[in-house]
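The task is simple: from the sequences and hints, build the whole structure.
There are 2 protein chains.
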Amino acid sequence: MKFTCPLPIQGSDRVLLGHGSGGTLSAALLRDIVMPAYTNPLLARMEDQATLQINGASVAFTTDSFVVKPLFFPGGDIGSLAVHGTVNDLAMGGAQPLALSVAMILEEGFPIEDLRHIAQSIGAAASACGVSVVTGDTKVVEKGSGDGIFLNTSGIGLVPPGLNLSAANARPGDAVILSGSLGDHGIAILARREGLSLESTIESDSAPLHSLVSAILAVTTEIRCMRDPTRGGLASTLNEIAAQSRVGITIQETSVPVREDVRGVCELLGLDPLYVANEGKMVAILPPEHADAVLAAMRAHPLGRGAAIVGTVTSTEPGLVLQRTAFGTRRVVMMLAGDQLPRIC
Amino acid sequence: MKFTCPLPIQGSDRVLLGHGSGGTLSAALLRDIVMPAYTNPLLARMEDQATLQINGASVAFTTDSFVVKPLFFPGGDIGSLAVHGTVNDLAMGGAQPLALSVAMILEEGFPIEDLRHIAQSIGAAASACGVSVVTGDTKVVEKGSGDGIFLNTSGIGLVPPGLNLSAANARPGDAVILSGSLGDHGIAILARREGLSLESTIESDSAPLHSLVSAILAVTTEIRCMRDPTRGGLASTLNEIAAQSRVGITIQETSVPVREDVRGVCELLGLDPLYVANEGKMVAILPPEHADAVLAAMRAHPLGRGAAIVGTVTSTEPGLVLQRTAFGTRRVVMMLAGDQLPRIC
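The listed protein sequences correspond, in order, to chains E and W.
FYI, in my numbering the residues of the first sequence are 46 to 390.
FYI, in my numbering the residues of the second sequence are 46 to 390.
A couple of the hints might just be wrong.
Copies of the same chain are indistinguishable here, so a pair counts whether it falls within one copy or spans any two.
What the hints assert, rightly or not - Simulated crosslink set (EDC-like; lysine to aspartate or glutamate; CA at most 16 Å straight-line):
id, residue 1, residue 2
1, LYS188, ASP384
2, LYS188, ASP58
3, LYS114, GLU187
4, LYS114, GLU239
5, LYS114, GLU248
6, LYS114, ASP384
7, LYS114, ASP159
FYI, nobody ran anything at the bench for these hints, they're computed from the structure.
Structure (structure tokens):
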């Protein structure tokens, strides 16, 4: 049994919100419309970043646009999110960030003070990551043709020699380590957007993961793959890895960390934390003999304190992600299908 | 007399269309809001691209978002324009393009067929430039929160050793060479957008300039500066160079090539071709002893057939661009002030 994407034109010849979800509709749009137009070996690898060889150096290159709504939320804003998102896409390729670009699409009438706040947030987040914003662009569209501000951050990073990370590298027996609790970012955005009254404020986990990656690589460079489970959540990330590596992945429900307050909101709204977006969490897949040492190194890092081994890679049912539930049963964890939470990043 | 920018908050505490014009309001927004937030030496150079040293290689990095309206126009579409725009920003730094990223912000309801057409146009344009789209991103916003499709293309290129190009390098006595006629892109967009009935269809000049740059650099690497006069037109580009190099620039009105049909529309609408956007033209500033050889090389290239020496760099009135008119008088050519033609790229 192998995961297959529906055709995007099934049911619609127009773009749907779900085409931006990071789930099956996004995958189908990429597979059927975008990839055939640009096809080349680097893009075909479908990693979060492309790695180019320049003068003997491995240079990672990535891009992300940000349309998060609201622009300001507990734990961050569109500016810090854009920096963290692109730093993390570089970091998941093992790269230390070298330089960022920032392009802004502003809607006529957007408050200059909000723009100043966001620019300062970008600058502060980049500075905290030790990376410079070296180039940029600003466009303005008429009132009603945008939504305040959209950002694009692209980034360049340097990959240390000897790394070979890919979502196609997972092997049966590998351990699956998650760096901390799931769903904080998605629920923080949802709660602010919908004006939910909660007992405590749930903050986004938005954070840059490059130093956590350094801590992991200091233990061993024998890592198969690293990914940050953003849009589509852990479920979609693991499905991508299972499909590309042609392996099965089994996770233990009781091992997957979810904060009590996040779990509460998820239950209230009928959401599964496995599908909710994160912006400061990562998954590492690695040979089992390194799992304990990597786990210890992650737990010693401020952004990996809640790290846990949540599953294993299997040879049975390639392409399929299974969850062993708290009751001992098994269920299939599909890729996100629709548009659970639009404009989460 | 030195060019100074008005404060963006003069008259408005909100973003205006003119903040995206490429003229004085854009410059003020950059100077007062954006640059202070990210400040670093590379960004402070204010070139169209940043050049990083990686393992002994000079790597150019640039970004541009595209919000052109309409999406399809005579001579191109938003897809080819996005590829050419970023290839040209690399080329103006002397770089040959290595890799592009493409990020799309789609509005819910955008026709899938238009998306396919644009993706294919991106792929074809990139392929014609000999550059690969190696990484990408897709976001979707709700109907009414965008305008069909916005693109961002970022790019990486390799700068040959020994080049030192900068808008701060122009020296008195230098020649100013323009690669061809002004205003084709802006007038093509305007005519299509406003439904002007013209005797002939005016096509955008959208084209990739990296091979024209190669032809120039094959003659001499002693080039001071290259720029493509896009938003804000030749007038704004020369003002930027004059300000950054602290020199004067004098251009001859009779030497500046403008197509008859473009001039006709400009006269009809009260536009000055010096301010109208181009997407396949470049200015080179270089020592006078190389001017004839570079001009000949440009004219031998398909994209430089209309090249002309249009002016000289002077030591008088630093920061000021002057035009000698057909009647022998002089006039000051200011930077574009307002929002002549919004959403031109």
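Quick rundown of the hints versus the structure:
no. : hint              : in the structure
1   : LYS188 <-> ASP384 : between (26 Å within a copy, 14 Å between copies)
2   : LYS188 <-> ASP58  : between (27 Å within a copy, 15 Å between copies)
3   : LYS114 <-> GLU187 : between (19 Å within a copy, 11 Å between copies)
4   : LYS114 <-> GLU239 : within (10 Å within a copy, 33 Å between copies)
5   : LYS114 <-> GLU248 : within (15 Å within a copy, 38 Å between copies)
6   : LYS114 <-> ASP384 : within (15 Å within a copy, 28 Å between copies)
7   : LYS114 <-> ASP159 : within (14 Å within a copy, 26 Å between copies)
Taken one by one, the earlier hints all hold for this structure without exception.
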